[in-house]
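**Q** Read left to right, the sequence shown gives residues 185 to 538 (this note's numbering).
Treat the hints with care, since some could be wrong.
[Unchecked claim] The calculated label-pair distances, taken between Cβ atoms and stated as ranges, are:
id : residue 1 : residue 2 : range
1  : T210      : E424      : 17 to 25 Å
2  : D514      : Y434      : 22 to 30 Å
3  : A320      : S435      : 44 to 52 Å
4  : H323      : H278      : 41 to 49 Å
5  : G492      : A518      : 38 to 46 Å
[Said to hold, decoys possible] Straight-line alpha carbon distances no greater than 20 Å define the calculated EDC-like cross-link-like pairs of lysine to aspartate or glutamate that follow:
id : residue 1 : residue 2
6  : K506      : E321
7  : K257      : E436
8  : K257      : D313
9  : K506      : D313
10 : K257      : E503
11 : K257      : E515
12 : K257      : E321
Hints in this document: simulated from the structure, not taken from any laboratory. What you are looking at is a predicted structure, and each value in this text was computed from that prediction instead of being measured. All residues carry an ideal CB built from backbone N, CA and C; glycine is no exception.
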Amino acid sequence: MREPSPEVFSPVRLTTALAGLGAAGTTLQMYAQALAQQPVVSMASVPSLATDLGRAQEVARACLGTVMPQALKLDAASLGFINQLMAMYPRLQHLAQLVDQGGSAGSQAALELSQGLDLLAQFLARQTDTVAVFVAEAHRLSTVTTEVSDALAADAVAAAGDAEIASLEAQINDTLAAIDQDCQTIAKGLSGTDKALVQLAIKMYNCEDSPVAAAKAFVGLIVNTANTSGDTIAAQHDVERQLQTLTTLYSELNPLLAEAAVAQTASQEAALMAQSTTRMQQAANDMGLSWAALIEGYASLSQALQQGTSLPPLAPVLEENKAGWQSLLDECTAWQQVGLFPVVLLQPTTGVAA
């Protein structure tokens, strides 16, 4: 058993643990919510992607539906304990003053104060299962989330190197280069106002964000221009053909890019969620240790009071820490009123827009 100490009346350790719980829970809730909404897509080049995304959804929703409510339940247990302590506080302070003064009144007060500490220890002991369950769930969540994060990270790397995407992008670049060459040929074959208009269209084409839209605009402009040579006519026809090719290539590429983007985004969200679960695991450990320290500290001080062991002054320590306990009580109450972890399970998306 630990050495008896008035420091058991300090709220610092429990306050720190609860602050860590709140910080970890807030970010974990956010990243789990985002991951739960990621669509489950598949890529031929990444066979494991659909399975890994499905598992990520399951883990995220289990976090929101199980671990978050347990964290709030642990906060409620802390609130119950602090309420009990604050209800007893005036009497504890009075008894501590008598104990500090000594004499026969102090001896009797020591026994009553010991009984009060035993009551607090018993209250905490009744909630040890709540603490233990949360610690175990936080550890399990951290393990499985790390596994999901590692799997999705590998999927994202594979998706980024997809051979089909690379091939389509190369074909698109070749097509855009061919269109640009046709534009230059047409411009050379014109003169005067027509040439100036086409040169302006080339500049607009090269600055346009959407190559397909730019090519369409260009073709629309040159349709009514005078064709002064066979090269110009051939170039005009080639632009129209290349435009059709470009449209086809983009129709094939866009879904693949969307699927690869899902893999990348889910990987990032899973990595952030894994970091938050690590912090949640640490917060759970800290809660367990602070809970155990309070139980052991009360028991040790109670025994010392029963045995008449000489102790440092108790009343000043109780007075010094009263405001800290009241502040922690107010904070825990606010968490319960607004819901520290608002558990709202959003429905996941079922597909990706092309």
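**Q** Taking the hints in turn, state whether each one holds.
**A** Structure-based check of all given hints:
{"no.": "1", "hint": "T210 to E424: 17 to 25 Å", "in the structure": "violated (56 Å)"}
{"no.": "2", "hint": "D514 to Y434: 22 to 30 Å", "in the structure": "violated (58 Å)"}
{"no.": "3", "hint": "A320 to S435: 44 to 52 Å", "in the structure": "holds (51 Å)"}
{"no.": "4", "hint": "H323 to H278: 41 to 49 Å", "in the structure": "holds (43 Å)"}
{"no.": "5", "hint": "G492 to A518: 38 to 46 Å", "in the structure": "holds (42 Å)"}
{"no.": "6", "hint": "K506 to E321", "in the structure": "violated (33 Å)"}
{"no.": "7", "hint": "K257 to E436", "in the structure": "violated (50 Å)"}
{"no.": "8", "hint": "K257 to D313", "in the structure": "holds (11 Å)"}
{"no.": "9", "hint": "K506 to D313", "in the structure": "violated (28 Å)"}
{"no.": "10", "hint": "K257 to E503", "in the structure": "violated (29 Å)"}
{"no.": "11", "hint": "K257 to E515", "in the structure": "holds (15 Å)"}
{"no.": "12", "hint": "K257 to E321", "in the structure": "holds (13 Å)"}
Comparing the model with each numbered hint stated earlier shows that hints 1, 2, 6, 7, 9 and 10 do not hold.
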